[in-house]
Amino acid sequence: MSPGEWLKSEFESRVDATLEWATPDNEVNYYIERAAAGAGIDADLYVGLTTEDLVRVDEALDDDLFAERGDVDGVADVREGLLFDPFDRAVPYDTGYVSLVYDGTETEAPATFEGLLDDEHAGQLIAQNPGASSTGRAFLLHTVHRFGDPDGTIEGGDGDPDYDYLDYWADLQENDVRVLGSWDDAYAAWSEGEAPMVVSYSTDQVFASQEGENLEEHQIRFLNDQAYANPEGMAVFADADEPDLARRFMSFVLEPEVQGEIAQRNVAFPATDTATLPEDYAELAQAPADPVTFTYDELQGSVDGWVEDWERQYAGN
Amino acid sequence: MGGSKTGSDSTPGTEDGVSDDVDSGGPTAAVGQRLAALADRFDADLLTLLAVATSAVLVVAFYYPVATVLVEAVVVDGAVTLAVFAEILRDPFYVGELARLFAGESPVAVARALLSPDRRLGIVGFTAYQAALSTVASVALGLPAAYLLARFEFPGRRTLRSLTIVPFVLPSIMVAVGFVATFGDRGTLNAVLATVGLPPVDLLFTLEAVVIAHAFYNAPLVARVTTAAWESVDASAVETARSLGAGPTRAFYDVVAPQVYPAVLTGAALTFVFTFGTFPIVLALGGFELATVEVFVYRLVRDLSYAEAAALAVIELVISLAVLLAYLRYEARSSVQSRGVRPLPRRPLHPPALTAREVLPRVGLAVYAAVAALIFLAPIASMILASVTGGDGALTLEHYRFLAQRQRTGAAFQVRPWPAIRNSLVFATAATLVALPMGVVVAVLTTRKYRGRKLVDAAAMAPLAVSGIIVGLGLLRGLVFGVEVAGWRIAATGAAAIVVAHAVSGYPVVVRTVAPGLEGLDRSLVESARALGASRVRALRDVELPLVWPAVVAGAAFAFAISIGEFTATVVLATGADAYTMPVAIERFIGRRLGPATAMGVVLLVVTGVSFVVIERLGGEYRGL
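Protein chains in written order, with our numbering: chain U, 1 to 317; chain F, 1 to 625.
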């Protein structure tokens with residue numbers, strides 16, 4: 001059962017209210033458009049906000065789309081580094097890590113970004129379009145984090161000021177990386193054996209073991225012991241009809257057993273450090289030693305340019 | 001067709017109307033004349049009424065919504081500007097060497113640069129280049145199929161003809177799955193090559209793979225419209241040519257080819273426009289090196305950079321319309337008059353005699369059948385196989401069990417299979433019924449002679465040429481959010497809005513299949529009917545449409561197919577309601593494993609396949625009318 005359905009019945013069993021999910025195809029952009037058109041928001045709470053979404057919302061709209069989170073029980077339990085909203089609107093409820101997944105019977109993934117440039121890994125990696133896919137974008141952002149950007153706003157962890165993420169991608173492209181459209185495209189091609197490594201989630205083995213697959217073919221690699229973290233949050237709409245009920249729902253979501261359920265059902269990691277999870281969960285759902293992510297302030301005004309510069313270099317026809 | 005039915009009510013008037021041109025002053029004749037005049041008025045009004053209704057639908061469900069987005073290309077922060085266009089046109093990234101032209105360099109220098117081996121095409125240039133290649137491939141793969149279907153008789157021919165359109169409706173994720181399984185490193189093709197001792201081919205993630213996938217989608221279109229035209233060739237014209245001493249080859253070039261040619265061009269022009277706006281399949285089978293304009297429109301819209309997205313979409317639109325306009329001018333020049341009613345006799349697949357003339361075409365068709373099996377059947381077979389393969393590689397029905405279980409226990413906000421199937425069929429049927437009169441009316445209007453009609457004709461094709469992403473955003477703004485009038489917000493979502501949006505997407509193909517036939521009709525036939533007192537609508541219904549009936553059926557099948565396959569407008573307009581269709585269900589069922597999505601894809605395959613057979617059977621029975 002999906003977390004949405006479980007959350008609905010669990011919440012409704014505790015509170016005298018009816019919870020209705022809506023799943024517009026263009027996600028938060030749908031509500032940005034509604035607000036821009038003055039068409040009314042029609043919802044109380046948004047679930048599934050990322051740091052980038054918030055940056056986009058704030059750039060697009062003059063008025064506030066979301067209200068401050070206010071009084072939510074359990075916010076104090078949220079793990080350090082996950083509270084991604086500098087204006088205290090979004091409340092994180094889970095996080096995922098984007099890493100390499102590789103077929104251990106075909107190759108041994110390198111330990112570092114530089115290793116991906118070795119001859120033995122030529123043509124072995126499938127990534128996704130950072131303009132359309134969140135895993136693709138996370139991987140691109142990870143390379144910016146590692147190698148820095150050309151104007152030096154981001155220094156990069158490689159310690160070389162003359163080598164930025166675009167240089168790295170030029171080398172990666174030289175080594176025949178494949179950048180497909182969506183995560184589905186990439187994962188399907190990887191599953192068919194088109195290449196032994198793919199950019200995906202670090203929870204891959206949870207699914208693989210559920211489906212009785214050979215875990216040797218589903219190995220996880222954290223490049224430089226890192227992975228890009230994509231925390232997901234929820235926020236109350238500024239003109240919600242039921243803001244108090246929405247906040248009550250947020251408190252509910254942060255409860256230890258609910259956090260455990262969400263993590264398992266979404267196959268992700270809980271946002272709080274008090275979540276109730278089975279002992280063996282961490283065996284299959286792997287977390288990196290050094291999770292990295294950009295803050296709201298670092299993304300603001302930069303992320304569009306990073307993606308665009310990458311596009312211009314990569315697709316220069 | 002609503003129009004034709006109403007036309008038949010005027011029978012009393014038209015019967016008496018025979019006396020119109022006879023000089024008789026009797027009272028009965030006078031009444032008859034008046035009745036005829038009245039009926040004529042009504043019929044003329046009916047055509048006008050249909051034309052007005054068509055325009056209204058287009059404005060509400062297409063031009064206005066799209067305009068709300070495209071206007072952002074020229075209105076930035078409240079001021080009118082062409083700066084966004086100027087920036088794109090001067091940017092080599094988008095327009096390649098042509099950017100230098102817009103930057104003020106001499107055309108000679110630009111032409112020289114374009115001829116040099118290291119020229120830059122730019123994203124727009126590359127998009128046109130791959131569309132041109134895809135068009136050539138689609139025509140090359142579509143024509144032999146048309147030849148087979150139009151000229152030969154064999155068991156299952158009609159069913160095969162109906163099923164040719166099936167690839168056209170398949171969601172890109174299904175095609176990607178099928179293509180990887182067929183043309184991938186470990187795919188069927190390489191397995192076959194290995195058994196006959198040939199080296200493997202590395203087709204995936206190349207331009208070739210993308211072009212073949214585009215042919216997979218569009219060769220059926222070329223085949224279907226060409227078959228319709230070929231079947232409309234009148235046997236007596238060929239017989240006349242033969243009796244005048246023309247050999248079979250000569251008769252083909254002089255009589256058959258000129259009538260089939262415009263249809264081939266129709267297919268080619270539509271293919272170019274469709275593949276020029278291609279989006280997910282390019283990145284699924286090619287990779288970002290092969291990114292097309294639409295990839296950037298999508299990213300810009302996602303990042304809310306509307307001005308640039310709209311400007312790119314306008315450039316895309318202008319190029320597509322220019323191609324359509326060029327084709328329309330050619331179509332007008334090359335139209336051949338025909339009055340075909342009796343189709344050419346079909347030949348058996350077994351050669352009646354062992355002569356080169358009889359055997360060679362059949363050998364050619366056999367080779368073609370092998371190629372077609374690889375390109376069309378193998379990917380579809382792979383999709384079906386994927387739907388019955390589990391994570392461990394063993395055969396299983398678990399994905400279909402997932403569908404059944406989702407049907408039984410799916411939550412209110414989840415997509416369930418049966419409503420998706422039902423909605424798809426209902427919407428497609430309704431959209432076809434709306435698109436047919438729209439298409440026929442526009443076809444009639446564009447075959448009349450007046451200045452600028454080619455422009456009107458091209459503008460009527462706009463729904464094919466505007467970026468799907470822009471249409472989706474426009475529908476969100478124009479229909480879902482609606483317009484505020486006197487404090488009331490008028491909005492339209494749900495089933496009716498989806499039907500109208502689908503009809504708008506489908507009707508241009510009806511126009512394109514029907515118009516060349518109407519244009520090519522011998523005018524004297526219509527004039528005789530009119531002289532005999534038939535009203536304009538009656539002449540259309542009783543004389544013209546039956547003569548181009550195969551084209552009408554082909555148009556209906558495509559309107560149906562476009563509705564079944566439509567995704568962007570459907571997800572936008574189905575918000576909150578339970579109005580989702582099969583492609584939406586497929587998209588929602590995509591998970592880490594594609595099994596459930598492919599199972600739903602096979603359901604789509606079967607449902608649409610059966611629908612096409614039914615449509616063409618119904619259409620065939622109608623023919624004698």
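FYI, nobody ran anything at the bench for these hints, they're computed from the structure. Please read all numbers here as calculations on a predicted model, not as lab measurements. Quick reminder that beta carbons are idealized off the backbone N, C-alpha and C, glycines included. You may find that some hints are simply not true.
As the list claims (entries may be wrong) - Quick list of the computed label-pair ranges, beta carbon to beta carbon:
#1 F/T429 to U/R265: 17 to 25 Å
#2 F/T409 to U/G38: 37 to 45 Å
#3 F/V610 to U/S251: 47 to 55 Å
#4 F/P107 to U/D309: 53 to 61 Å
#5 U/S209 to F/F154: 46 to 54 Å
#6 F/L82 to U/R265: 50 to 58 Å
#7 U/S251 to F/T429: 43 to 51 Å
#8 U/R312 to F/V136: 23 to 31 Å
Stated by the list, open to error - Far from chain F, by Cβ distances over 10 Å, these chain U residues were calculated:
#9 G4
#10 K8
#11 S13
Claimed, not checked - Just a few of them, taken from the derived set where beta-carbon distance is under 8 Å, the chain U residues facing chain F:
#12 D25
#13 N129
#14 G193
#15 E211
#16 E216
#17 E217
| Index of numbered hints that the structure contradicts, given in increasing order | 1, 4, 9, 10, 16 and 17
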